[in-house]
Every structure is written in structure tokens, then in C-alpha cells.
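Asker: Residue numbers (full-length UniProt numbering), protein chains in the order written: chain A, 1 to 267; chain B, 1 to 267; chain C, 1 to 267; chain D, 1 to 267.
Check the hints yourself; a few may be wrong.
Capping the alpha-carbon separation at 25 Å, the derived lysine to aspartate or glutamate pairs in DMTMM-like fashion look like this [to be verified]:
| # | chain 1 | residue 1 | chain 2 | residue 2 |
| --- | --- | --- | --- | --- |
| 1 | D | K176 | B | E184 |
| 2 | C | K176 | A | E185 |
| 3 | D | K32 | C | E88 |
| 4 | C | K176 | B | E249 |
| 5 | A | K176 | B | E253 |
| 6 | D | K32 | C | E249 |
| 7 | C | K176 | A | D113 |
| 8 | C | K176 | D | E249 |
| 9 | A | K176 | B | E249 |
| 10 | D | K32 | D | D13 |
| 11 | B | K176 | A | D113 |
| 12 | B | K176 | C | E249 |
| 13 | B | K176 | B | D154 |
| 14 | C | K176 | A | E253 |
| 15 | C | K133 | C | E88 |
FYI, nobody ran anything at the bench for these hints, they're computed from the structure.
Okay, here's what each chain looks like letter by letter:
Number of protein chains: 4
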Amino acid sequence: MNDTIQSVNPSDDSLLIGGANLHSRLFVGTGKFSSHEIVPQVLEASGSQVVTMALRRVDWKNPQENILNYMPPNTILLPNTSGARTAEEAVRIARLAQAAGCGNWVKIEVVQDQRYLLPDNWETLRATEQLVKEGFVVLPYMSPDLGAARRLQDAGASAIMPLGAPIGSNRGLQTKELIRILIEEISLPIIVDAGIGRPSEAAEAMEMGAAAVLVNTAIATAGDPVFMAQAFRLAVTAGRMGYLAGPGERRIEAAASSPLTGFLQEG
Amino acid sequence: MNDTIQSVNPSDDSLLIGGANLHSRLFVGTGKFSSHEIVPQVLEASGSQVVTMALRRVDWKNPQENILNYMPPNTILLPNTSGARTAEEAVRIARLAQAAGCGNWVKIEVVQDQRYLLPDNWETLRATEQLVKEGFVVLPYMSPDLGAARRLQDAGASAIMPLGAPIGSNRGLQTKELIRILIEEISLPIIVDAGIGRPSEAAEAMEMGAAAVLVNTAIATAGDPVFMAQAFRLAVTAGRMGYLAGPGERRIEAAASSPLTGFLQEG
Amino acid sequence: MNDTIQSVNPSDDSLLIGGANLHSRLFVGTGKFSSHEIVPQVLEASGSQVVTMALRRVDWKNPQENILNYMPPNTILLPNTSGARTAEEAVRIARLAQAAGCGNWVKIEVVQDQRYLLPDNWETLRATEQLVKEGFVVLPYMSPDLGAARRLQDAGASAIMPLGAPIGSNRGLQTKELIRILIEEISLPIIVDAGIGRPSEAAEAMEMGAAAVLVNTAIATAGDPVFMAQAFRLAVTAGRMGYLAGPGERRIEAAASSPLTGFLQEG
Amino acid sequence: MNDTIQSVNPSDDSLLIGGANLHSRLFVGTGKFSSHEIVPQVLEASGSQVVTMALRRVDWKNPQENILNYMPPNTILLPNTSGARTAEEAVRIARLAQAAGCGNWVKIEVVQDQRYLLPDNWETLRATEQLVKEGFVVLPYMSPDLGAARRLQDAGASAIMPLGAPIGSNRGLQTKELIRILIEEISLPIIVDAGIGRPSEAAEAMEMGAAAVLVNTAIATAGDPVFMAQAFRLAVTAGRMGYLAGPGERRIEAAASSPLTGFLQEG
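Construct all of the structure, not just a fragment, from the sequences and the given hints.
Answerer: What follows is the structure, given as C-alpha cells:
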């Protein structure tokens with residue numbers, strides 16, 4: 001494998017969210033890793049500039065063990081409200097995170113369903129409305145639905161994070177059609193969050209026009225998480241480039257890439 | 001996009017075909033480009049070490065216009081027998097290519113069907129048998145079928161090149177199940193050739209365990225072929241790394257990546 | 001084709017909605033047909049007991065042309081609120097339908113999106129809450145989402161009608177994963193509405209455990225709508241029977257259905 | 001479920017194979033059933049006119065237990081050469097079947113691969129050539145490939161039986177694209193054999209234009225095989241009718257089936 005590419009980064013292709021100008025379109029999560037030690041290597045290998053983390057994972061009483069210490073400099077922390085079952089709980093977690101010095105970004109995650117951990121769009125909208133008013137940069141995790149996305153947009157969300165499949169399922173873009181419509185109809189960045197299990201699936205989301213993807217389980221449960229983080233990094237870039245390069249049309253029949261006749265007559 | 005990755009190339013992951021030790025797993029074709037001028041840029045951007053070309057495309061009477069002049073040094077030329085309808089025609093083209101100084105690699109392409117340009121496995125096998133005897137490094141393009149692949153292997157082919165979808169269709173891995181079986185049951189390298197239309201599809205083929213992919217139309221018909229070649233380069237590496245990293249299992253239900261309870265009680 | 005089956009109707013497999021005991025699990029719509037004359041033939045061929053209709057289609061000033069005249073006896077009319085953009089408009093349409101003698105069933109359809117005609121789950125919920133209070137049997141058309149379905153259930157809906165794909169697209173079960181989860185997690189009947197374009201897709205929805213399907217465009221735009229209505233009738237029954245019969249498990253490898261060895265030795 | 005349809009059988013839609021005029025397009029197999037007793041009920045429920053059976057299953061020494069006794073009158077027996085690994089073995093089995101009074105139809109099944117039980121197209125072709133010469137009505141089971149199908153057609157096969165997925169896998173139409181091409185390019189009847197696991201998948205094959213399907217494992221491994229046989233019977237008819245009725249086109253965007261505006265203004 002030989003990937004010392006020099007010139008693939010058009011300087012104007014960055015993602016603007018909450019005032020930040022992101023060059024990486026791979027967001028990563030920090031859950032499920034077998035040890036804290038591997039997390040910084042994964043973060044570095046991913047090239048990610050936005051890292052999400054459940055506040056529960058922060059070991060407040062044991063600061064030297066704190067995962068926050070492993071965050072690379074210049075990385076944006078995106079605390080999530082995992083564990084919240086209502087808007088009020090999500091708001092409370094967000095405020096605690098901010099008070100603890102985690103900044104003003106927040107990924108809203110409100111889940112009432114315990115089997116598929118699907119986000120509740122109603123509570124998510126209410127939490128978004130409140131936290132935007134309080135000055136947070138709000139990225140809501142949501143069940144892909146155009147009406148919900150429109151309301152989240154109107155409420156001031158900075159991006160929309162629809163799921164591709166249930167969290168941790170590694171099952172890819174099961175909701176592809178709805179995500180396609182969100183990308184087409186919503187002007188906010190669409191960040192596919194949850195379900196992506198393979199680098200190819202991340203690339204496909206980007207080719208569809210997603211602004212970014214968030215990956216956690218697929219990296220954390222890989223045989224070699226650091227290597228898998230690199231794989232996702234390349235895949236996200238590849239998918240983004242594929243989108244920008246303008247893919248050719250699909251055809252039902254064949255179209256010769258080599259001339260079909262004439263060789264033997266002229267050879 | 002920020003991809004100045006240093007350490008993703010495990011020195012032991014190379015592809016051995018016909019005595020060559022390949023670091024790139026992206027083979028590219030040279031058909032369908034709007035101009036000769038863009039080809040060398042595409043080849044360089046792709047990082048490819050194996051380039052296929054129909055002999056018809058070589059302008060023997062006008063050597064300074066010859067596409068062979070654009071081949072980067074240290075690139076292996078893989079002449080293809082495009083235009084052949086029988087084993088005999090394919091053998092004749094291969095010999096002419098060799099006589100013209102194109103080396104001893106050959107991609108056998110024997111097509112009798114004019115609508116889908118599907119390869120004929122019978123004629124392909126006969127051509128393979130003959131050309132292996134003559135000392136060629138033979139890579140047969142074939143319709144994915146286990147029995148045919150076994151015979152090509154027994155005949156001394158150096159790799160097997162099943163199609164993902166009809167040539168030039170950009171429709172991806174339509175024959176996924178059969179290719180999966182070939183990868184599992186055949187010990188030769190499996191190189192997916194034809195049909196791949198998006199970087200994500202190339203990545204998926206690699207994640208399945210394909211040894212390499214050959215891409216032509218998807219690059220040639222892209223809005224920016226050079227940029228698309230880079231996208232495919234990254235995607236192939238990403239897919240290969242995903243395969244090597246050992247993907248996590250897929251699950252029907254969700255599995256929390258963040259803890260679901262306990263935060264508020266302990267906050 | 002020979003389908004004079006006698007004994008396929010277990011007497012206990014009926015669908016109970018709003019006090020009605022339905023034997024047919026195919027609901028049909030009356031839009032888009034080239035002429036009024038064909039509608040009664042389609043209705044009869046479909047065997048449907050529930051027929052949806054936009055009130056606008058009723059020609060109040062020209063009663064003898066009225067499509068209501070074509071309704072077979074013992075068929076339940078399911079007026080829909082097509083054209084409504086808000087809950088209030090939907091409620092108003094439902095009341096008008098009831099006042100006009102169309103009964104107390106209503107399919108709520110509130111659409112704000114003009115390109116994909118996707119239902120708005122928020123307005124749909126509000127209309128459901130109101131109309132249930134007024135004694136209607138409410139069947140809301142909705143964008144598949146577990147949280148929305150739970151709220152509609154709590155509000156007293158009689159069934160949930162998630163879309164498979166945008167109305168009129170004939171693109172099948174694009175939202176399969178979300179519908180699967182609704183079937184598993186919601187105790188109300190799940191009726192797949194919109195998008196089903198082929199009999200096989202209706203059968204698949206039934207095999208997944210859907211309680212019924214609603215089909216309109218696929219029948220109305222077929223070359224022979226009457227014949228297609230019969231095809232859907234059989235497909236829905238086939239899918240339901242497949243579900244009840246208990247399908248065998250899927251396997252990655254083969255499993256011989258015939259013995260593989262021993263014949264020649266013993267023959 | 002109410003399926004006493006009267007007029008769905010256009011008298012001119014029959015399938016002509018080997019001189020027989022078939023009204024049922026569902027072929028069934030007799031392997032894997034838990035007991036002999038259930039087989040005649042399954043055959044009757046399926047409405048099938050062609051039944052395949054491995055000769056090994058015939059208990060020659062115990063004639064009263066013989067499955068042949070259970071065959072409904074006017075059913076065509078299609079002995080298969082299951083267990084054969086070469087053309088010669090297949091030919092020998094076919095001759096034995098004929099000598100034993102099983103008629104002159106034969107399904108050629110030559111398998112060398114023990115994991116996926118994939119048919120070997122080379123040996124299958126050789127057996128076809130020989131048995132056609134001997135006057136058999138030959139239906140070869142094959143790995144879907146256009147070149148192989150053309151050769152089988154030229155050799156005098158009466159139909160082509162490509163697999164949808166490995167035998168007994170219940171995984172459906174994994175080879176859909178190749179089967180689609182066979183249906184388009186080959187003038188013989190295409191009968192999808194192996195892999196079909198659900199009634200909806202049988203319907204889909206028929207909608208694609210397959211002439212018939214052969215189902216065994218999906219029925220034999222169902223919770224209620226007799227009921228599942230009825231389900232497949234209806235599904236095959238539904239799919240065939242869907243094909244004949246002329247399906248409407250698929251659209252990316254929505255198309256209203258009900259009028260979107262005007263109601264409230266006129267109500």
C-alpha cells in the first residue's frame with residue numbers, strides 16, 4: 001500500500017460547523033475500547049478533529065486516568081448526552097459538561113427505546129431548542145425523518161446526525177433512502193451517525209453527499225482498532241473525493257472501455 | 001481533507017503476481033479518456049503499478065502520439081485482448097503484443113455477447129491454456145463461476161478477474177455472492193474487474209478479500225478523472241486496511257457505545 | 001395459472017381494526033386511474049375491504065358520476081386527508097368527510113414537503129390526538145420512526161401506516177429496517193403504505209409481519225390495472241401465508257436437498 | 001384471506017417444455033421432508049405439475065414406501081442426477097431413471113464443490129449434449145453465465161435452470177443481475193432453481209420474467225410445509241400476473257396519488 005499523496009487536499013473543501021473549520025470529515029467516538037491506552041493512538045490514526053464522549057466515561061475522581069487527558073491538542077470535544085431519556089436530562093448533562101470545562105459543543109442523544117437505542121425525535125427537538133438558546137453548538141442525533149430535520153434546522157441545530165442503522169450494529173446504511181432525501185432537502189450538514197460498520201460504508205455515505213460521518217463501534221470492535229481508524233480516515237477522504245470528482249452515470253447495458261473491433265484487421 | 005499518513009504501509013502486505021511484487025492493489029485501464037494528455041496524470045494519481053490497454057489503442061504509425069509513451073516507469077503493462085471473439089483471436093493478439101515489446105503479461109478478454117460484453121468462459125479457458133504454455137503471465141477476465149475459476153487455476157492462470165457488473169456500467173458489485181465464493185474457494189488472487197463505479201464499491205471488494213480491483217470507466221467518465229483516480233487509490237487502500245484490521249461483527253440489535261445509565265446519579 | 005385453492009383460509013386469521021374484522025389484508029387507493037369506469041373492476045379484483053379516497057375526488061355536484069357509487073357493498077371507506085398541510089386542515093377534512101356520510105374512519109395524511117410528499121409526523125400526531133378524541137378510527141400515514149409510532153399508539157391510533165418509499169415512486173421497501181423495528185416494537189397493526197410497486201414487494205412486507213399493505217399507484221399505473229389488482233391480492237395472501245407458515249432459516253453455505261452420495265454404489 | 005378468484009387464468013398463458021403444456025409455474029422438490037407422509041399433501045397444495053426427485057430417494061426394495069407412489073396423477077416426474085460429480089455419472093443416473101420407468105425428463109445436476117454445491121457448467125454441458133442425443137428432455141441446473149446458457153441452448157436443452165443462491169441456503173436472488181441477463185438474452189425458458197427461500201422471492205423471479213421457479217428447501221424447512229407450499233403457489237401466480245400486467249415505472253421522486261390542493265377551497 002503506497003499512499004504518500006501530495007496534492008489531494010483542495011484548500012477550499014472544509015466543513016464549517018459552529019464556527020470551526022474542519023479539514024477532517026471523520027468524527028470518532030471513544031466508547032467500547034478495551035483500554036484507555038489505545039484511545040490516543042486511535043484518535044491520532046483517525047486524523048479526526050471532533051471526538052465524542054459520554055460524560056459518564058470521564059473519571060472525575062481520578063483525573064490522571066481521565067480520557068480527556070488523551071485528547072490530542074486542537075481537537076474539538078463533542079460531549080454527548082448518552083443516558084438521557086428526556087430533553088430535561090439531556091439539557092442537564094450538557095450544562096454539566098460545559099461547567100466541567102468541556103466546551104459548548106454537544107451531541108444530543110435522547111433514547112427511550114432500550115433494544116435498538118433509537119433516538120427520540122420529539123425529546124431531541126425540545127433539548128435542541130433549549131440548548132441553542134443557551135448558546136451551545138448543538139448536533140442532534142436523530143431518526144432520519146425530513147419533518148424532524150426541518151424542525152431541528154429551524155431550532156438552530158448546527159448539523160443533523162441521522163442514524164444509518166442502530167448504534168453498535170455495524171450494519172451500514174440501512175436508512176439510505178431517507179438520508180439521501182435529508183441531504184437533498186436540508187441545507188445543514190448531514191453527518192451520518194451510528195451503524196457504519198465498514199470503511200466502504202463510510203465512503204458511500206460521503207459519496208451520497210454527507211458532510212461527515214461519526215464512527216465508534218466499527219473502530220473499537222475491530223481486531224486492530226488503530227489500523228481500522230486509519231482505514232476509515234482514508235475511506236472518508238476517498239468518498240468525499242469521489243463526491244467532488246463527479247461520478248459517471250450508471251448504465252444498464254455495457255459500454256466498451258476498449259475498442260471492440262478493428263484490431264485484427266489492422267494489426 | 002488531511003491525508004499525510006505516515007505509517008499505514010505494513011511492509012509485508014504486497015501482492016505477488018507473475019513474479020512481481022505489487023504495492024498498489026488498484027489496476028487501471030486507459031480506455032474512454034477524452035484525451036491522451038490526461039492519461040499520465042491519471043496514472044500517476046492512481047498510484048497504480050499495473051495498467052491495462054487494448055492494443056488497438058496503440059497508434060503504431062504515429063509513435064509520438066503513442067499512449068505507451070505516457071506510461072510511468074516501473075509500471076507493468078497489461079495488454080488486453082479486447083476485440084477477440086475466440087480463443088484463437090485472443091492468442092493472436094497476445095502474441096502481437098509481445099512481439100511489439102509489450103512484455104509477457106496479458107489480460108484475456110474474449111467476448112461474444114455484444115450487449116453486455118460478458119466474457120465467454122469457454123474461450124477464455126482455451127486461450128489461457130495456450131498462453132500459459134507459451135510463457136505468458138495470464139490474467140483472465142471471466143464471468144464469476146466457481147467451476148470456471150477452478151479450471152483457470154488448473155490451467156496456470158496467475159490471477160482470476162471476475163466481473164462485478166457489465167463493463168462500463170458503473171453498477172458495482174452485482175455479482176457479490178459469487179465473488180465472495182471465489183475468494184473463499186480459490187487460492188489465486190481474485191481481482192474484481194468491470195462494473196466498479198464508485199470508490200466505495202472498490203473498498204467493499206477489498207474488504208471482502210479481493211486481492212485487487214481494476215477500474216477504468218469510473219475514472220474515465222468522472223467529472224475530474226485525476227481527482228477520481230486519487231479517490232480510488234485511497235478507497236482501495238482503505239478497503240484493504242479494513243480487511244486486514246479485522247472488522248467487528250454485525251448485530252441485529254443495538255449495542256451501546258456509550259454507557260446508558262448512571263450519569264445523573266453520579267454527576 | 002391454476003389457483004382454485006380451497007383450504008388456505010384459516011378462520012382465525014383476520015385483522016381487527018376499529019371494530020371491523022377484515023379478511024383481506026390489501027387496502028387499495030382510488031387515485032390516478034385513467035377512468036372512473038375501471039375503478040369498480042379494480043376494487044372487485046383486489047378483493048379489498050378497505051378503500052381509501054381523497055375527498056376532493058368526490059364529485060359532489062354530479063352525484064351520478066360519484067366514485068362513491070362504485071364502492072362495492074360491505075367495503076369500508078377510508079377517506080384520506082390528502083391536501084392537508086397542517087393538523088387543523090386534516091381535522092377539518094375529516095369532519096367534512098364524516099358529515100358527508102363517509103363514516104368515521106380516516107387516514108391522516110399531512111404533507112408539507114412537495115417533492116417527496118413525505119408525511120409530517122408532528123402534525124400527524126396532533127391531528128391523530130384530536131380525531132381520536134372525536135371518535136374517529138384513525139390510521140395515520142407516517143414517516144417510519146419508532147418514537148413517532150409510540151406516540152401515535154399512545155394517542156389512540158388504530159393502526160400505524162409507515163411509508164416504504166415516497167408516494168407514487170413504485171420503489172418498494174426502502175425503509176425496510178425501520179419498518180421491521182416498528183413491527184417488532186409496536187403492538188398496533190403496521191400497514192405499509194406508499195412505495196410498494198410490485199406484488200413481490202407486497203408479499204415481502206407481509207412476510208416481515210406487516211398486518212396489511214395499501215397499494216394505489218402500482219395498480220393504477222400498470223398496463224392492466226385489473227389484472228395487477230388480482231396479482232396484488234394473491235401476493236398479499238402469499239406473503240401472509242409465508243409469514244404464518246414459519247419460514248426456514250437462511251444459511252450461508254449450501255445444504256443438500258437431495259442426497260449427494262451413494263446412488264451409484266447402490267443403484 | 002379470501003382467494004376464490006374466478007378469472008385470473010388467461011387461457012393462453014401456459015409454459016411449453018418438452019412437449020408438455022404446463023399451467024403451473026412452480027416446480028417442487030421432494031428432499032428434506034421430515035416424513036414421506038407429508039409429501040403428497042405438499043404436492044397437492046403446491047399445485048405443481050413437475051416434481052423433481054433424486055433417484056437415491058426411491059426405495060427400490062420397499063415399493064410400498066416408495067415416494068413415487070405418492071405422486072399425484074398427471075404430474076411430470078423430473079428425476080435429478082444429484083450425487084453426480086461428472087457428466088458420465090449424470091448420464092448413467094439418467095439412463096437408470098429412464099430404465100426404472102421414470103420417463104425421459106431429467107434435471108442434470110453435476111456438483112464438484114462440496115461446500116456450496118455449485119453446479120459445474122462444463123460437466124453439465126457435456127451431460128446435456130449426450131442426453132439430448134439420447135432423446136431426453138434435458139433441464140440443466142447451472143451457475144448463471146450467459147456463455148454457458150448459450151451453449152446449453154445450442155446443445156438442445158429444453159430450459160435453463162440457473163441458481164439464485166446456493167442450494168438449501170434460503171437466501172433468495174443473489175445472482176439477480178446475471179439471471180436478468182439470461183432472461184433477456186436466452187430464448188429458452190429460464191427456471192430459477194435453488195436459493196429461493198420466501199414466497200416474495202419466487203414472485204420477484206417471476207416478475208423479472210422467469211418462466212418458472214423450482215422450490216424445495218423453503219417448503220421442506222418451513223414450520224408448516226403444506227401451508228408454505230400454498231403460499232408459494234399463490235406467490236408464483238402473483239409474480240407471473242405482475243409480469244403480464246405490465247408494472248408501472250419506478251420514480252425517484254414522489255407522484256401524488258391523491259390531489260394535493262384545492263379541497264379546502266372548494267369544500
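Asker: Take the hints in turn and mark each one as holding or not.
Answerer: Now the hints, each set against the structure:
no.: 1; hint: D:K176 - B:E184; in the structure: 21 Å, holds
no.: 2; hint: C:K176 - A:E185; in the structure: 22 Å, holds
no.: 3; hint: D:K32 - C:E88; in the structure: 59 Å, violated
no.: 4; hint: C:K176 - B:E249; in the structure: 21 Å, holds
no.: 5; hint: A:K176 - B:E253; in the structure: 18 Å, holds
no.: 6; hint: D:K32 - C:E249; in the structure: 14 Å, holds
no.: 7; hint: C:K176 - A:D113; in the structure: 18 Å, holds
no.: 8; hint: C:K176 - D:E249; in the structure: 21 Å, holds
no.: 9; hint: A:K176 - B:E249; in the structure: 21 Å, holds
no.: 10; hint: D:K32 - D:D13; in the structure: 32 Å, violated
no.: 11; hint: B:K176 - A:D113; in the structure: 34 Å, violated
no.: 12; hint: B:K176 - C:E249; in the structure: 21 Å, holds
no.: 13; hint: B:K176 - B:D154; in the structure: 23 Å, holds
no.: 14; hint: C:K176 - A:E253; in the structure: 28 Å, violated
no.: 15; hint: C:K133 - C:E88; in the structure: 14 Å, holds
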